[in-house]
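Q: Could you put the whole structure together from the sequences, leaning on the hints where they help?
Chains A and B supply the protein sequences, listed in that same order. Going by this note's numbering, 211 is the number at position 211 of the first sequence; the sequence numbering is gapless. Going by this note's numbering, 162 is the number at position 162 of the second sequence; the sequence numbering is gapless.
All clues given are correct.
Distance ranges between label pairs, derived from CB positions: (1) E193(A) to E124(B): 23 to 33 Å; (2) R76(B) to M268(A): 32 to 42 Å; (3) D62(A) to R196(B): 54 to 64 Å; (4) L158(B) to Y192(A): 39 to 49 Å; (5) A121(A) to L146(B): 25 to 35 Å; (6) Q27(B) to A94(A): 39 to 49 Å; (7) L158(B) to Q90(A): 27 to 37 Å; (8) A139(A) to Q77(B): 44 to 54 Å; (9) A96(B) to A2(A): 28 to 38 Å.
Over the 10 Å line for every Cβ pair with chain B, so calculated as not near, a few chain A residues: (10) V27; (11) R46; (12) K53; (13) D62; (14) A72; (15) D116; (16) S118; (17) N130; (18) N188; (19) E193; (20) S241; (21) L264; (22) G271; (23) G276; (24) L282; (25) R291.
Where chain A lies over chain B, by a calculated footprint (3+ residues, C-beta under 8 Å): (26) 18-27; (27) 48-55; (28) 60-67; (29) 107-118; (30) 134-141; (31) 201-215.
Hints in this document: simulated from the structure, not taken from any laboratory. Just so you know, even glycine gets a beta-carbon here, dropped at the ideal spot from N, CA and C.
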Amino acid sequence: MAENRYLLNAQLAQMLKGGVIMDVVTVEQAQIAQEAGAVAVMALERVPADIRKQGGVARMSDPGLIKAIKEAVTIPVMAKARIGHFVEAQILQALKIDYIDESEVLTPADEECHIDKSQFAIPFVCGARNLGEAARRIAEGAAMIRTKGEAGTGNVVEAVRHMRTMNREIRQLAAMPAEEIMIFAKANGIPYELALEIKKLGRLPVVNFAAGGIATPADAALMMQLGCDGVFVGSGIFKSSDPTLRARAIVKATAYYNDPAKLLEVSMDLGEPMAGLDVATLPSTERLASRGW
Amino acid sequence: MSGLSNSGVIGVLDLQGGVQEHLDHLQRLGVASRPVKRAEELAALAGLIIPGGESTCLSRLLTIFGLREAIEERWRQGLQLWGTCAGAILLARENAGETPFFGLIDITVSRNAFGSQMDSFNCEALAPAVAREPIPLTFIRAPKILRAGPGVRVLLELDGYIAAAEDDRALVTIFHPELTPSLAFHRYFARKCGLRVAEADDAALDPAWTPQSWTRFSYHS
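A: In structure tokens:
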């Protein structure tokens, strides 16, 4: 992939900063999301809460559905490919959507290798639980990072854990004398050159969104105050009792994440949020965040 | 322009999009700047940049907390506006197939007119009123300006579409100068706002700029 194409792809993510990317499963939902102020939609057949409930193998969505959603909105359209499934990614690139999410929400196709994203012209976003995972995905060609969180639970605890972990590791790196960087990079599986860049910048060199378990305006603002550049909301909107109202409220809360008076105003009278799951009670085999390496 | 109310500060609308990139460019140019999230933060600004992002998202947020009326009011009092990409869409009088938002400059735009992200591109072009040298341009899922009405000056025309234009009160660019090393359009806008900036008319490429320069203004503490 040309260097200039990678830069354009990272820059599209920059234009999404401060925004909310919403999971949608129908054309109608995509239009509701756009109207509510989403900066992009993630087109898929089932939201993570349903994937979790129904079980089985979760794959790339039918390209026909993604195409219909692409034609119905003017905001960017993203879609998910399985971890390591580079042919699903080739198909999504041929469909000319705007961003591919190589996602642990789908059943991994490869338990060793992620997609070599540097071979694609289309941009990729990937999930990460810590700095090493984020850096490995960037080295493979991801132009945007998001926390993994624990998708489909409506429980923000894992997204908080992942963001706090990344922040802590970045602070450690930033404070580290030069001779310790190599060993830190080795221990955390961080490509050395990227470790140097992250140390210099004091943050990831690409946009980093929150994802996985965000269900309320307060959740979105929490992740923003922890330093995320924007927010993905998966099941949280269309599994709530009033998706339009909730979508608008989360958009407002993400823009005004630092203004408690406005957060109070937008949090009122939203109806029921999606039902939540206690992540601690999930057996390890049902934890999506542990997919990816 | 009312000289008394002009503090020499340029604001960047901070609701969503490429806010930090514009703040970075203004600082490189030596222009005082501040992010604007609330109506009261518009007071005494010389100019306001409406950055790229998503126009539907920005329009919704502008409407909800009263910023729309406040910006219109300040514009009537002399505030200069510059819309980049989505910002240009919001300022346009006509938006092909959609309801215009501010409608403050007599142009017609068409949203996302090049295709998907894979049709985003870079090029270089000469905008003689802005710089005597060609400057780098970055188009990200850009709109096109299809028409410029009387009273609107075209600053840059490419293959059958207008890429930059202005009237006495507003500047519009469908590309992103803040995503390149060139400060030329920021210099041009600062002058339009009545600010004193360097006399130069070159491409104003800042050798210290990198694609990650924006991160110094990011929300991380």
